[in-house]
Each structure stands twice: as structure tokens, then as C-alpha cells.
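K.L.:
Sequence:
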Amino acid sequence: MAISNSKFKIILALSGLFLLGWGLSSYLSARYLVRPNPSDFNNITQLDGFAVEDLSIPSADGLMISSCFIPHHHQEGISKAVILLSGIRGNRLGQLERAKFYLNQGYAVLLPDLRGTGKSEGNAISFGWHEQKDLVASIAFLRDSGFERIGADGQSLGAATIVYACSATDLLDFIILESCYDNITHAFNNRIAKFKIPLFLFQPVIYFTEQQIAASRESLSPVALIRQVHSPSLILAGDQESQIPVPETEQLFRNSGAELKRLHFFQGGKHEDLYRRFPEEFEKVVIEFLKEIEKTK
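Residue numbering for the sequence shown follows my numbering, beginning at 1 and increasing consecutively.
Everything labelled a hint here was simulated from the structure, so no lab data went into it.
If you're wondering where the values come from, they're calculated on a predicted model, not measured in any experiment.
Glycine included, every Cβ here is placed at the ideal spot set by N, Cα and C.
Accuracy of the hints is not assured; some may be wrong.
In silico SDA-like pairs for lysine to any residue, Cα to Cα no more than 20 Å straight-line [unchecked claim]:
id: 1; residue 1: K261; residue 2: K295
id: 2; residue 1: K194; residue 2: P204
id: 3; residue 1: K194; residue 2: K119
id: 4; residue 1: K119; residue 2: Q211
id: 5; residue 1: K270; residue 2: E281
id: 6; residue 1: K270; residue 2: R89
Ranges of calculated distance between the beta carbons of each label pair, as one might list FRET restraints [as the list claims (entries may be wrong)]:
id: 7; residue 1: A51; residue 2: P198; range: 19 to 27 Å
id: 8; residue 1: L199; residue 2: E283; range: 34 to 42 Å
id: 9; residue 1: S242; residue 2: G49; range: 33 to 41 Å
Let's have the full structure, built from the sequences with the hints guiding it.
P.N.:
And the structure:
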């Protein structure tokens, strides 16, 4: 039976409204995904008996990255520091327990708020891509301050930031990647799988996200770029992470270009703060890794 002209117009109008709604909701979803998370909090002046210095570090594209720096001069005279990077929308306050741990290992600690978070400038979060500029600036600050050995420990987005920064050149003496996604497509798909939404409906969201952050999904791939990272590497994850399944973390480890690389799964761990959930196990694994690095110096 032929569709009447009036019915055809109604179907066409409804289809247009659906496409318009789909496009608008996809655009707004992308804006929501990259939204910044500024926070106003009281700066700390001491941590575990160590003085804390507040500072702002200029990133390559002119954004001021708010940070706190905790100097530490190791009794053996070895000048070493570690940079701690939070996950998406996290700020430096979430790294204070890790900071105490590294201070006890003889490291000075730098805690930057990556762009768009905490007290740093920035109007978008880019899943580690542009945040790499903040890490590079933080490394330069420590080098200019006279530190000879510099490492970085990052969670989730912070871990991806480390891979992106180090894929061009080996900037760090060691890296610790906690719950690092393998590529942005998997990261998105894994997160929406629990909502039972057909994946094709989400494709425009990815497109608009790429436009918002000026980076392609092909670029946002730690699993590909980690081949070019040669710094000693420790990769940590929970074995129950639904957002980053075990095979994706294992592939990240296999692709690593580091000669010295280690992989550790926390039994029962999810996409969470692994140090907070498994403090003793975390410290044991990291200390063993740091000792192994010291033997190669």
C-alpha cells in the first residue's frame, strides 16, 4: 500500500526531529564529558612534617597549572622527585596519601592540578592529550630546580597523560601507570556498555568530543604510543575493572617499549583508588619496583 503524501510528510518531519534531537543530545553529551572541574580549597602548608610550597607552572600553551611542591633532600644526596597525577576531574588533594608514601621513600613530590581541574586554568578536559603539556612543564620545573631523577605516577587520565608526554621522548626515569585506558574508543564503549545503549547511537558523541578537544580518536591511544616509551615502567590495575578489562591492560603491557617493565593486578580491584583500597600491597609492589630501578643506576 502506497504511503499517502500527508503520512510521508509526517514521517519525514518525525525523522528530522529525531535526527535533530540525536545530534543536539550528542553535542551536549560531548560538552558534559569534557567539562572542567574547578575546585576552591584551602592550600596546605605542611604534610607529614614537610613544608608545602604553592606555585603556578606555565604550560606550553599559556595555561597556568596550579601545583604544590614538597621539597625533600635525601640523606644520601640523591636528588630525585616524583610527579603525581590524578584521574579525571581529580585534583592534588586526592594525592596526599601517595605523597606521604613517596616522601618516606626519599622523593620530593610535585602535585599539579591538571588543566581544567582544581585551581588550574583550562576550560576542557582532554583525557590526557593536552594535559601532557602540563606534565612536560612540570618535568621542566623539576629539572630547572636541579633534580637529576624524575618519575611520574598517574591514575587513569593521569596515566594516559604520562604515556602521551613520554611517547615523543623519554622524559622520565620511571613511570607508574595506574588503571590506564588502552584507547579512547574502548574507554567510551566500556563505560556505556552497562547502560545497554546501542553503540552506534554513541558515535556522534565521540565525533563532537573530538571537535571539543581538537584531538582525534586515533591519537588518543596509549596502547599504540606506549611502544615509543622506554622509561622503566610499572603498570597497575584491578582485575575486576569493568571500564578497563584485563586483556586491555595486558596488551598495554605487551606493547610497552620499556626494557624494564612490570605488571601487577590487584585481586578484586575495580576502577578505583588502588592505593586507598590496597595500601600495603601497593607499597610493597612500588617499593620493589623502585629498588629494581636503583640497581640499574
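K.L.:
Look at each hint and say if it fits the structure.
P.N.:
Against the structure, the hints:
1. K261 - K295: Roughly 14 Å between the alpha carbons, so the hint for K261 and K295 holds.
2. K194 - P204: holds, 19 Å
3. K194 - K119: violated, 33 Å
4. K119 - Q211: violated, 25 Å
5. K270 - E281: Holds, at about 15 Å.
6. K270 - R89: holds, 18 Å
7. A51 - P198: 19 to 27 Å: violated, 54 Å
8. L199 - E283: 34 to 42 Å: holds, 39 Å
9. S242 - G49: 33 to 41 Å: holds, 40 Å
Of the numbered hints given earlier, the model fails hints 3, 4, 7; all others are met.
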